[in-house]
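**Q** Here is how the chains run, residue by residue.
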Amino acid sequence: SQQGEEDPQALSIQEGENATMNCSYKTSINNLQWYRQNSGRGLVHLILIRSNEREKHSGRLRVTLDTSKKSSSLLITASRAADTASYFCATRAGGYNKLIFGAGTRLAVHP
Amino acid sequence: DVKVTQSSRYLVKRTGEKVFLECVQDMDHENMFWYRQDPGLGLRLIYFSYDVKMKEKGDIPEGYSVSREKKERFSLILESASTNQTSMYLCASIARETQYFGPGTRLLVL
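Chains A and B, in that order, give the protein sequences. Sequence positions in the first sequence follow this note's numbering and run 1 to 111. Sequence positions in the second sequence follow this note's numbering and run 112 to 221.
None of the hints are false.
The calculated BS3-like cross-link candidates involving lysine-lysine, where the alpha carbons are at most 27 Å apart (straight line), are:
1) A:K26 / A:K98
2) A:K26 / B:K168
3) A:K56 / A:K69
4) B:K166 / B:K114
5) A:K98 / B:K166
6) B:K181 / B:K166
7) B:K182 / A:K98
8) A:K69 / A:K26
9) B:K114 / A:K98
10) B:K181 / A:K98
11) A:K98 / B:K168
12) B:K182 / B:K129
13) B:K181 / B:K129
14) B:K164 / A:K98
For the record, the hints were derived by calculation from the structure and aren't laboratory data. Just so you know, these numbers come straight off a predicted model, no measurement behind them.
With the sequences and hints as input, model every part of the structure.
**A** Right under this line is the structure:
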């Protein structure tokens, strides 16, 4: 069953613009993670935010978490063509480090 | 760097064939996972293993089995492949809450 739902499903922007993707989830979580997938490849971990954190930065990435609204956002600043990929949020709830992934947001950054 | 490898990038099989997908990780991780990815559905967990010879069903285990005889290797088995198992299959292992993925196997069942 899907826990995370990303919004929008697809996003198209110009290089240099910021890209914002949102994720909503249904149940209480331990942490929320964002992953990136280049076309036809495996997923790569970008950033993890814990349930007691509200904001986290990594380079051009900024993630926020609002546990009261059960939502998170991923902001990519000053986007580049190389940022073109699908982005997934994943939530950990429970043991064995199982993650539940959303359907993803497809981001296209045009030169 | 953590490395997760999968035996094939592309695979074409016929309906009814037995299919083995292999996954190997080189970091002594205990937990390993098999997902399938379909357009619009994201990643769905098929099986996972938290130790050698230990396995647990995920959300969509029907039609699949797994084997974990050694810590570094986690195999996904399609006992009798069907066309609805055409998909992208992703293997992952985990360290410190982060999952590390292999490059994926795109399986086509004819």
